[in-house]
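Enquirer: Whole structure, please, built from the sequences with the hints as guidance.
Residue 246 in numbering that gives the first Met the number 0 sits at position 247 of the sequence shown; the count goes up by one each step and never skips.
Simulated from the structure, these hints should not be mistaken for laboratory data.
Even glycine gets a Cβ: it sits at the ideal position worked out from N, Cα and C.
The reader is advised that the hints may include incorrect statements.
As the list claims (entries may be wrong) - Below, computed lysine-lysine pairings styled on DSBU-like, alpha-carbon distance capped at 35 Å:
hint : residue 1 : residue 2
1    : 58        : 115
2    : 517       : 115
3    : 163       : 175
4    : 163       : 58
5    : 531       : 517
As the list claims (entries may be wrong) - Each pair of labels, with its calculated beta carbon distance range:
hint : residue 1 : residue 2 : range
6    : 162       : 72        : 23 to 29 Å
7    : 324       : 56        : 23 to 29 Å
8    : 735       : 542       : 22 to 28 Å
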Amino acid sequence: MSELRWHPFLEQWVITATHRQDRTFLPPVDYCPLCPTRPGGFPTEVPDPTYDIVVFENKFPSLQANPPQPAVVATPLSPVEPAKGVCEVVVYSPRHEDALASMPLERIHHLARVWKDRYLELGAREFVRYVFIFENRGEAVGVTLHHPHGQIYAFPFIPPVIEKELAASRRYHAEKGKCLMCASLAEEIRDGRRIVLEGDRFLAWVPFHARWPYEVTLASRAHQVSMAEWSAADMEDLAAVLKGLLQKYDALFAKPFPYMMVIHQAPTDGEDHRHAHLHFEFYTPQRAPDRLKFLAGVESGAGNYINDKLAEESAAELRRVGPASVAVVRAADEADREHAPSAQPFVRGQRRARSMSDVLEASFGPGGAAVTAFAPGRVNLIGEHTDYNEGFVLPMAIEDGIEMAARSRTGCEVRVHSFDLGETVAFSLEEPIRSDPVHPWSNYVRGVLWALGRAGVALGGMDLAFGGTLPQGAGLSSSAALQVATALVTRALLRFPMDVPRLARICQESENELVGVKVGIMDPFVSLAARKGHALFLDCRTLAFEQVPLALGEHVVAICYSGVKHALVASEYNLRRRQCAAGVEVLRAHDPRIRALRDASLEALDACRAELDPVVYRRCRHVVTENARVLESKSALGRGDLRRFGELMDASHASLRDDYEVSCAEIDLLVDLARQSSGVLGARITGGGFGGCTVNLVARGAVESFRKEVLGEYRRRTGIDGWVFVSEAADGANLAGQIP
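Expert: Right under this line is the structure:
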């Protein structure tokens, strides 16, 4: 039985849910209802033997979509209503011993996507006025199941604490014309003493008015009323700040730290809530290693909190423990991924000891003949952000990449296994292919099949398994390599004709339209068409290309990873593309022959400078000058002038840093350190930007000193362990095990 009973003195609803007395209470691990159902084991709430993140309706809900009628009759003084609403459980991981503080950043990012999805879906229901997302951790706060999970309550009313908070924010906004949380956040940043951890987009601090011993607020720097506004870049930064904060909590007393995490954001009642500001609040009863803070008489009876800790002292304690910065969180996460049993890389330049064909059979059982493809990653020597402006690029394929095995299967189901992540997804070709927010890696496979289907290819069921040595987010084009491998095995299985330029277009369309990143064609093209010992000069308008011999003599291409992972989806990358388009529109008004920035000269751009937004002008200036640098680089390499090529690399980085603004402090530091190292002719950021890698032209005999000097000083200044590897220019994608 559950019902809503009105409290006339506090003017709020009380949820009465007597059936919750029967819920499972701290069961042994073997009988945990949130663990996967193992073959022959205890049947849990999750019938599958494994999963990523699971959401399902609570078996003992306080609110129900179809609630029973109240057991008592209402009176004017004591109204009673059915307890209508939705209660969901969000299981974070299949591992019983897991915790948010120890999960990979990618999983926390996935969780943020799930939260956003549930907020939008539940909030769209007519009877739901507020979607409340929370997590209770630890027996000290009343947890009845230790398995890592959170909950979501979709309320038919706005809960009283949130209503009071919104009312204060509404009044402040009406009086001051700005957001109360934004003003509070600005004050905290100015003061600085209560800041705990800072990300690019999110910030965690102990509030001035903290009620709990180590209470923390975590909020977006930008004004966001709800998680509906979250971009992929927002969620990636949130994951790092959230994980870092929880690691600090656990480090505080060297044991799992109990907390209540709640998310406050705009209601879903259709009203104007521009004054709301999305934020997390952490209520923390642990005030010492062996002492708890209870809500006793004054707190419960009078409503006044008594905190025996100064906010400034609590913040200082939290700053001293755990990860010192978000960069350290990301670097540790990358190291964990590299050494995880499910993500062991094979020897550089070689295949895994266990072939993907073996992985395919182990994942899906015996089947028909398999085809195997290998698609390399790439490093762009010069020509950054010119490809989607129909310009010129000069990349080379590297020896690392993605290996994929595939086979046909009856029916219309596609099953995909990621060896490195240990995850499997399945989807039906009988339904429209859509992106998967919970398994974003699968969208690169889905996207290729979607684009091929749109191009008229008759798709069929298949099983695929893949793995590789390309780190995600490093700017080495792991996404394009995965798409190229998918395109090649699909072409082999389904036997349709398609040449390299068209396959490259398919991969580009996949990422543009299903993944949502407006990339150019360079990455899939070089992965398909590269030749060993050569750079690939590509005209991104006509797709005419030329193999340029990479005669580096006593120099090599050294790639240096910053340990800062970039995220392109729905981020600044797409904004840069729109800014370039805005510049073209102004230029075309003066010269109709200008279709893209590739057609513009610096003189033409300067002639229009007064009509251009200053930021748009700088974006366009980078593209125009970068195209010129690519053409001159091709000429310099052709005549063996490596010193001039190095100078052009340096100029390219300065332009990307200052005009296109896609670098970051860590990358700039790596470039500066490289230029101070002997034997380096040039250094620049490579890839989409906002992290990832630098590409360096280094004397062969100076590689080890370069590695030691640059990485040593980089670690000293940032706390991040980067890495350096040398790669020869490799061949493009290839196929093995053709179907007879």
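Enquirer: Determine for every hint whether it applies to the structure shown.
Expert: To see whether the hints hold, each was checked on the structure:
no., hint, in the structure
1, 58 with 115, "holds, 22 Å"
2, 517 with 115, "holds, 23 Å"
3, 163 with 175, "holds, 18 Å"
4, 163 with 58, "holds, 31 Å"
5, 531 with 517, "holds, 29 Å"
6, 162 with 72: 23 to 29 Å, "holds, 28 Å"
7, 324 with 56: 23 to 29 Å, "violated, 39 Å"
8, 735 with 542: 22 to 28 Å, "holds, 26 Å"
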